[in-house]
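Could you slot chain D onto chain H? The hints should help.
Protein chains: 2
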Amino acid sequence: MQSSNRTVNVGLIGLGTVGGGVFRLIQSHAARYLETRGIDLRISRACGLDEGRARELGVTPAQFTTDWRDIVDDPSIDIVVEVIGGEHPATEIFTESFAHGKHVVSANKALLGRHMEELAGAAHAAGVQLRCEASCGGGIPIVDTLERDLSGNTVLAIAGIVNGTTNYILSRMADEGLGYEEVLADAQRLGYAEADPSADVDGFDAASKIAILSSIGFATRITTDDVFMQGIRTISAEDIEAARDLGFAIKMLAIGRRTDEGADVRVHPAMIPATHPLAGVSGAMNAVYVVGDAVGETMFYGAGAGAFPTASAVVGDVLALAEDISAGVKPLPEPEPFPRQMPVRSIEDLMTRYYVRLLPGDGAAAAATETLAAHGVPVGETIARGDGSVVLVTDTCREGDMAAALGALAAPDAAAQVANAIRIENIAAWTEGVEAN
Amino acid sequence: MQSSNRTVNVGLIGLGTVGGGVFRLIQSHAARYLETRGIDLRISRACGLDEGRARELGVTPAQFTTDWRDIVDDPSIDIVVEVIGGEHPATEIFTESFAHGKHVVSANKALLGRHMEELAGAAHAAGVQLRCEASCGGGIPIVDTLERDLSGNTVLAIAGIVNGTTNYILSRMADEGLGYEEVLADAQRLGYAEADPSADVDGFDAASKIAILSSIGFATRITTDDVFMQGIRTISAEDIEAARDLGFAIKMLAIGRRTDEGADVRVHPAMIPATHPLAGVSGAMNAVYVVGDAVGETMFYGAGAGAFPTASAVVGDVLALAEDISAGVKPLPEPEPFPRQMPVRSIEDLMTRYYVRLLPGDGAAAAATETLAAHGVPVGETIARGDGSVVLVTDTCREGDMAAALGALAAPDAAAQVANAIRIENIAAWTEGVEAN
Numbered sequence: 001m002q003s004s005n006r007t008v009n010v011g012l013i014g015l016g017t018v019g020g021g022v023f024r025l026i027q028s029h030a031a032r033y034l035e036t037r038g039i040d041l042r043i044s045r046a047c048g049l050d051e052g053r054a055r056e057l058g059v060t061p062a063q064f065t066t067d068w069r070d071i072v073d074d075p076s077i078d079i080v081v082e083v084i085g086g087e088h089p090a091t092e093i094f095t096e097s098f099a100h101g102k103h104v105v106s107a108n109k110a111l112l113g114r115h116m117e118e119l120a121g122a123a124h125a126a127g128v129q130l131r132c133e134a135s136c137g138g139g140i141p142i143v144d145t146l147e148r149d150l151s152g153n154t155v156l157a158i159a160g161i162v163n164g165t166t167n168y169i170l171s172r173m174a175d176e177g178l179g180y181e182e183v184l185a186d187a188q189r190l191g192y193a194e195a196d197p198s199a200d201v202d203g204f205d206a207a208s209k210i211a212i213l214s215s216i217g218f219a220t221r222i223t224t225d226d227v228f229m230q231g232i233r234t235i236s237a238e239d240i241e242a243a244r245d246l247g248f249a250i251k252m253l254a255i256g257r258r259t260d261e262g263a264d265v266r267v268h269p270a271m272i273p274a275t276h277p278l279a280g281v282s283g284a285m286n287a288v289y290v291v292g293d294a295v296g297e298t299m300f301y302g303a304g305a306g307a308f309p310t311a312s313a314v315v316g317d318v319l320a321l322a323e324d325i326s327a328g329v330k331p332l333p334e335p336e337p338f339p340r341q342m343p344v345r346s347i348e349d350l351m352t353r354y355y356v357r358l359l360p361g362d363g364a365a366a367a368a369t370e371t372l373a374a375h376g377v378p379v380g381e382t383i384a385r386g387d388g389s390v391v392l393v394t395d396t397c398r399e400g401d402m403a404a405a406l407g408a409l410a411a412p413d414a415a416a417q418v419a420n421a422i423r424i425e426n427i428a429a430w431t432e433g434v435e436a437n
Numbered sequence: 001m002q003s004s005n006r007t008v009n010v011g012l013i014g015l016g017t018v019g020g021g022v023f024r025l026i027q028s029h030a031a032r033y034l035e036t037r038g039i040d041l042r043i044s045r046a047c048g049l050d051e052g053r054a055r056e057l058g059v060t061p062a063q064f065t066t067d068w069r070d071i072v073d074d075p076s077i078d079i080v081v082e083v084i085g086g087e088h089p090a091t092e093i094f095t096e097s098f099a100h101g102k103h104v105v106s107a108n109k110a111l112l113g114r115h116m117e118e119l120a121g122a123a124h125a126a127g128v129q130l131r132c133e134a135s136c137g138g139g140i141p142i143v144d145t146l147e148r149d150l151s152g153n154t155v156l157a158i159a160g161i162v163n164g165t166t167n168y169i170l171s172r173m174a175d176e177g178l179g180y181e182e183v184l185a186d187a188q189r190l191g192y193a194e195a196d197p198s199a200d201v202d203g204f205d206a207a208s209k210i211a212i213l214s215s216i217g218f219a220t221r222i223t224t225d226d227v228f229m230q231g232i233r234t235i236s237a238e239d240i241e242a243a244r245d246l247g248f249a250i251k252m253l254a255i256g257r258r259t260d261e262g263a264d265v266r267v268h269p270a271m272i273p274a275t276h277p278l279a280g281v282s283g284a285m286n287a288v289y290v291v292g293d294a295v296g297e298t299m300f301y302g303a304g305a306g307a308f309p310t311a312s313a314v315v316g317d318v319l320a321l322a323e324d325i326s327a328g329v330k331p332l333p334e335p336e337p338f339p340r341q342m343p344v345r346s347i348e349d350l351m352t353r354y355y356v357r358l359l360p361g362d363g364a365a366a367a368a369t370e371t372l373a374a375h376g377v378p379v380g381e382t383i384a385r386g387d388g389s390v391v392l393v394t395d396t397c398r399e400g401d402m403a404a405a406l407g408a409l410a411a412p413d414a415a416a417q418v419a420n421a422i423r424i425e426n427i428a429a430w431t432e433g434v435e436a437n
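Just so you know, the sequences run in chain order H and D.
Heads up, the first sequence is in full-length UniProt numbering, so the first residue is 1 and it goes up one at a time.
Heads up, the second sequence is in full-length UniProt numbering, so the first residue is 1 and it goes up one at a time.
Okay, chain H solo, but in the shape it has when bound:
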């Protein structure tokens, strides 16, 4: 056993799925942390709304409180873990914890996606840390990896499957040839999707995460509002089958790219080559692809949700702080956030290829090709499908031109009807700027 220094006291706010996981992980592993790392970690208070649930987890009456102020006001507490989510009272928990000199570990992607700069700035001013590994990618170490392990690099691109619900739905659609609605209903029944699935299927959740990851990776302020967002509701079994025939998989990607014109940040379903490592990420698993100018292509894979995987990320953050605190060293304060401000590029300026599936109709392919060309979108390939529909694959075009063309094709009197249009991601652009070895 290593010589232990002082006990590190954690105040846990939130005893839901993640909070319960954090409580159980620390309780069951505390002896090991002491033995292998000399860190005496203790949950001194735990705050929840349901005392019965707390009892079941093993929270003692002395630990339990229903008032988060009991935790942020407790001078013995070193680290506050906020796992209640939402904006309020999470914001107040952050700011009051900082005011009391406490570090905060949080999984709150929605709050951080919108307010990371202000909150990190408040931590910096107070001389404490704000850590949020669990806010992105569940148990996958990705925040610390960007902040620390890859910090020698200029990060060029981040492309993640960061929403388990949409990856589960698209994977099952691909594996079983089923339609979106059918799989969604099953996912809801099995607990992979919420009764109101919008936060997942429309991309809000992924947008928060790519805002956080891009902010850290590019050292600039990116908020959820900066992220272009499109969901998966229109993806059909036909699209997935046609994509497969073209050698692609359809994945819901959260993308952040550093470009000469600014940050390109977006969440949408995209076609990627079936051989790409991200294409093999199936079910509810998550993965984040990161390209650095020195390291080149990397990928980090794991469970993006769940009580214990998320708790793993939370406790990793807690232990990173506890290592110093235990040794009597004050952890370095949060760095001043985002010394530079990178502009955010408009989605209109994205250069990409497009898959366009047309509904069966006489002369539809020729008419659509003409309309696209008239808007500056050249069609490179025309594929007649067995069901009478036609798939057009465009050459690289400007998103704004494509949007205008799709607008024209949506007119009631248009000579061709578009069933769906999906971006074919230019993965070669992700690695532009990698150093040659």
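One or more of the hints may lead you astray.
Computed far set for chain D versus chain H, every beta-carbon distance over 10 angstroms [as the list claims (entries may be wrong)]:
#1 Ala62
#2 Asp67
#3 Gly101
#4 Glu117
#5 Asp144
#6 Glu194
#7 Arg233
#8 Ala303
#9 Leu359
#10 Ala365
#11 His375
#12 Asp401
Computed Cβ-Cβ distance ranges for the label pairs, DEER-style [unchecked claim]:
#13 His100(D) - Ala30(H): 33 to 39 angstroms
#14 Asn426(H) - Gly376(D): 52 to 58 angstroms
#15 Glu35(H) - Ala408(D): 42 to 48 angstroms
#16 Leu359(H) - Gly177(D): 39 to 45 angstroms
#17 Ser198(D) - Ala185(H): 54 to 60 angstroms
#18 Glu176(H) - Gly376(D): 39 to 45 angstroms
Straight-line distance between alpha carbons at most 25 angstroms, and here's what the computed SDA-like set of lysine to any residue pairs gives [unchecked claim]:
#19 Lys330(D) - Thr36(H)
#20 Lys330(D) - Gly58(H)
#21 Lys330(H) - Ser171(D)
No lab work stands behind these hints, which were simulated from the structure alone.
Built from N, CA and C at the ideal position, the CB exists for glycine as well.
Same frame as chain H, but now just chain D:
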């Protein structure tokens, strides 16, 4: 720009492929580290044997030295980067740097695979750090991930493709149906394999890496000598094809498992399901699969070698130290290594299934099945191949029994001749002990 504190001085020992990458990465990114993180990082001295090479890299006469003692004796240097490899003078560079209060960042897998405990102990005693992210998996953040991000977990298993040469050879054999010798020759021509390929193809390199990763992951002393090792020289195009027909890929794996009987550490070609994430890692890329009891299954993928990917790992370690030093804080000393000693399990006690390919011969399958059964190895499946050979797939058996059976089948008068025997990895065992969510 963030307020910078004091300059952090690095002494670089080694100006070969990796050292050159480190020099160029720091030189080209120093302004960015200062701007985004407030860290003023400088290479104050650089030691190499070839002054012409040093000049080409941009090393100035004032920086350059051919004597590593000029670096370890220089009181202004905070961090020594050792990238010369080998045992001597690397060992002396470590110990004298520690004696002078300097942290060491090293990529030296051979030395650390054998002597991590002594060297980490010396760093601990001197109150400095020994960091070795670049020793395993090139640019993939895996050492820090195990030490820090996943430290809330009890690590259950580590399974890596950690040698690019063997993965390149096996991938090309699989993709092109070529034989081992043919691909090896091509790999040597292209610079993917050394003229003497033994360190790679016989498993020594991978054994060093899994010794380091297992030591860190399991917090116990494991050395290269503890690792069972078998190379890929006997793998044939027929084996790869037969494996594919069984739904498997053949990969050179470095495996470390925590079992009730001790650490199970080994390097050998193994069959894994073709759908497993590790099976999709192709060419010279590396990946490390890590299973933690809380996080479950994770995988970390990237370039396992090359000047810039390896430099990314080295500089990540340097910046982790520089963050503290720059702020006037002394980095925490290396923890006391390995408070516990886990026994190392004998390979004889491994329980695994086996693929056994027999040379064509009358009654070979029946005879081999009988011999295997006589040694306690039940055959579960017998597959006649188109070329007249037969593949037997055993049920789970004890490695020691299998070795005895293979010994008997190697006798000159044996009624069946074994072309090759390859372990079918029990991947279900990797995840035994993961917490249910």
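List in ascending order the numbers of the hints, as given earlier, that are violated by the structure.
Numbers 5, 8, 20 and 21, in rising order.
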